[in-house]
Amino acid sequence: MATQLQSRAQPPSDPAASDDAVVLRDVERVFDDRRGEPLAALAGVTLRAAPGELVAVVGPSGCGKTTLLELICGLQQPQRGSVRSRPAALMPQHDLLLPWLDAVDNAALALRIARVPRAAARGRAQSLFVELGLGGFEDATPAELSGGMRQRVAFLRTLLSGKPVLCLDEPFGALDAITRAEMQDWLTRALAYEPRTVVLVTHDVEEAIVLADRVVVLSPRPGRVVAELDVALARPRSRTDEDVVALRERALGVLGKSASGARA
Amino acid sequence: MRRLAPLALVLALVGAWELYADLGSTSAYVLPAPHTVAAALWDNAGFLAANLVPTAEEVALGIALALVLGFALAVLVHFSATLRRAVYPLAVGSQAIPIAVIAPLLVFWWGFGVLPKLVVIVLICFFPVLVTTVDGLRAVDGDQIKLLRTFDATRWQAFRFAELPAALPAALSGARIALAVGVIGAYIAESQTATSGAHAGLGHEIEADLTALQTPRAYAAAVLLFALAIACFYALSLAERKLAPWAHPSRGEAT
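Chains as they are written, first to last, in the working numbering: chain A, 1 to 264; chain B, 1 to 255.
The shape of chain B in the complex, shown without the other chains (with noise of 0.2 Å):
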């Protein structure tokens, strides 16, 4: 019952799509109904499944390097109350940079390959990474370290043996937040840096279609980008229980 509820609410979510565009108030070129872009996922399978390739990867290595990034800028920050004051602030602004923005000067360092893109999503996605793991960092109870230093423990040995693993569910906690944003960053990454290649990822392949007004293959392409956020979302529940299972004990479902 349970794993059946999701599955409903997308079917009843699906159903009042279909009426709705079945009714006719709308031109399809605006709102597809599902049937039509189950025939465009269908019809055009080998096409999206090589644009989701690209796509597929620089999500994964994108949100694999945000949390690098994010975890050493948090222990950074929780080391240094200087480089606190001095990160947080640019921290948080580079969060309100349209990428729209910097966008040609990324071409213009790096062209039209995966490394622009790569760069986009890092800039989005290692901000949650860098919030939830200073929080996990700062959350170890005061008293854990006084008990530390009475064993003579060094700072390296305080953060290494009750900080670091104390932080590291904070820490993919972050990067499943930055996912949702992360697939986001993927596709404002390919419409932005557009690429003439064939294969150059679901972003830029929504992008021509809206203008060529293949809507419904554009929808399919929004299809696919919503099942990658889902897989990616789980495989990170799952990297979590393995990596960190104190954290979440004797759960059943993933969440």
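Just chain A, with the same shape it has in the complex (with noise of 0.2 Å):
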């Protein structure tokens, strides 16, 4: 698996490769709405992630986003073009803990899914908890924990999901801004340690910059790609430098652009 691993600061640029991680074509989702009429969430999407990549999915909401992220999950099928991906993992827009699981049993779920057994399961989780700063919050309840906390937890059960691909559905959304600030570093040392392909859903552009190797700008429903940027930054970034502001701009201007040509 390691081969696969390329350095997240330089994806290969060839939009051919075969062997990216994750490669949609044209892809079509329709869905019916409550009066049975057919409603478009994304209009022929074409999207890639070579392996080790981050890219992030920005848009308005409604623009199908999660619609995406369930696509390449295999939770969905598209009504035209391809999907195809390595092996994913999701992680929700909720954390859903299971509230009768502590931090370390809850970040172990998917080992014990695939069978390990508790003791070997836990004992994974746990060198991670330690290696990714967690140490300490092992046996407490996901009502014990704070916002960000229970995020960490969310995020390493994907982790340990043993996925080459994670899909973050807006992982940082319910949290207040110092919070999730203090998230997206931690998100950025935890990719480091254990570096994944990672397709990044938020509707925060500055976060996007701040996390990503590429940026894909979606329009409003139904949703189609409207500009994608290299993000060739050096990490750890921080949302006051210059060129991720710039970025932030070209993002934005992007995005109101297709927002008001959506309404005309």
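Each hint should be verified, as a subset may be incorrect.
[Claimed, not checked] Just some of the chain B residues that point at chain A, by a computed CB distance under 8 Å:
id	residue
1	D141
2	D143
3	L148
4	T150
5	A153
6	Q157
Hints in this document: simulated from the structure, not taken from any laboratory. Using N, Cα and C, we set each Cβ at its ideal position, and we do this for glycine too.
Put the two chains together into one complex; each comes in its own frame, and the hints tell you how they fit.
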């Protein structure tokens, strides 16, 4: 597996590369709304993520971002186009920790499902807790954890699934600004320690630029890719870095144009 | 203060009852005064206790069986929409069957022992457990199941890791509801499948005492049923907090 994990700073630029971890081609996904009328969530989305790359998908609410992740995870099928991905695990918007399990058991859930005995599964989760600064919280129940801590445990649960692709659905959306900034730093460190291919969905353009190798901008519903920005900036990044601010302005400009275009 | 509140309420109610009975507008055969009930309780302590034992056993065993049956049915119904359509109307209808109608059949099959009584209690008590458990199983977040699916969980594993624990407190809540009707169920079962034994349970004893105009002793037995229901209710609350502490985070009082 290690050979698949290329440096995140230099994702392969060849668009025809066949060893991409995630490839979506002209994907269309239509739902029936409440009255049974067809409602397009995604209209011809093409997207790829190289192994070890962190791709952020930004767009206004309702542009099909969650649908995109569920397609990658195989929870939904497209009506048109193709979806190819290495095995992917989902980190849903809400932490969905199980209230009857402590933090370590929650983090080790995927291992238990893979039939790893409980003691061994806990052991692996515990060592990751220590490595990633969660030591001391092992036995806490979800109710005893803060929002940020719960998201960290939820992320470790996704990480410990061992899937090469992680689909993160607005992981920090419900957190306050200070906690969110801390979590972004933490996620950067966690992925440096355990590199994976990540597709991160967010409505926070700044977050996308601080975290991602590449930012994909979706239009309002039905979602289409309206821009792709390479973020070739050194890590760790801060929201106040000049380059981050400049890229943010560009992305917001594209988003604004696509929104007014959709209204017209 | 909080602990004294229920006691104060009981005292006020008993006081009102005492006054009403002492005013003499009703016969003591119809409504004995609390102090005569207390005297009957004291004088017949051994006799009443001996009758309380089989009734308490029936209620405890009956609730336990109803919990198992209601839970098992709920799981079946949860897994199969066909079964749900087949079982639910029958389960609802079963609650409308007057026990008196089937009592002779139960006696014919199983005689006057404990079995027909258990059947009656389980018949009455499985229903609330079934309904609350089915709701508990359905209340599991759909996103939770999606998450487990991305971890390649089988249907059984999704049940075992997410749905089963979530349904446990719901089932115990159902058992607490069932308890209130379960005590009445024991009374009905004992009075309907009447036995001639000396210690046939409080239901049988109340029935006999009312016929013999031993009203104070019948009331004394009713007081014991009252206490039995409360004791079982708190025992179940305690069990719920032991088995499913996450359902009641840091709550001091049993409710």
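Interface hint outcome for B:A153 [beta carbon to chain A under 8 Å]: holds, 5 Å
B:D141 was flagged as interface toward chain A. Is the shortest Cβ-Cβ separation under 8 Å? holds, 6 Å
May I ask you to test the interface hint for B:Q157 with respect to chain A, counting a Cβ-Cβ separation under 8 Å as satisfied? holds, 5 Å
So, B:D143 near chain A? Judge it on the closest CB pair being under 8 Å. Since the shortest Cβ distance to chain A is 5 Å, the answer is holds.
Interface hint compliance - B:L148 to chain A, C-beta minimum distance less than 8 Å: Check passed: Cβ of B:L148 comes within 7 Å of chain A, closer than 8 Å.
Using Cβ atoms only, decide whether B:T150 comes closer than 8 Å to chain A, and label the hint accordingly. holds, 4 Å
Every hint, counting from the list given before, is met by this structure.
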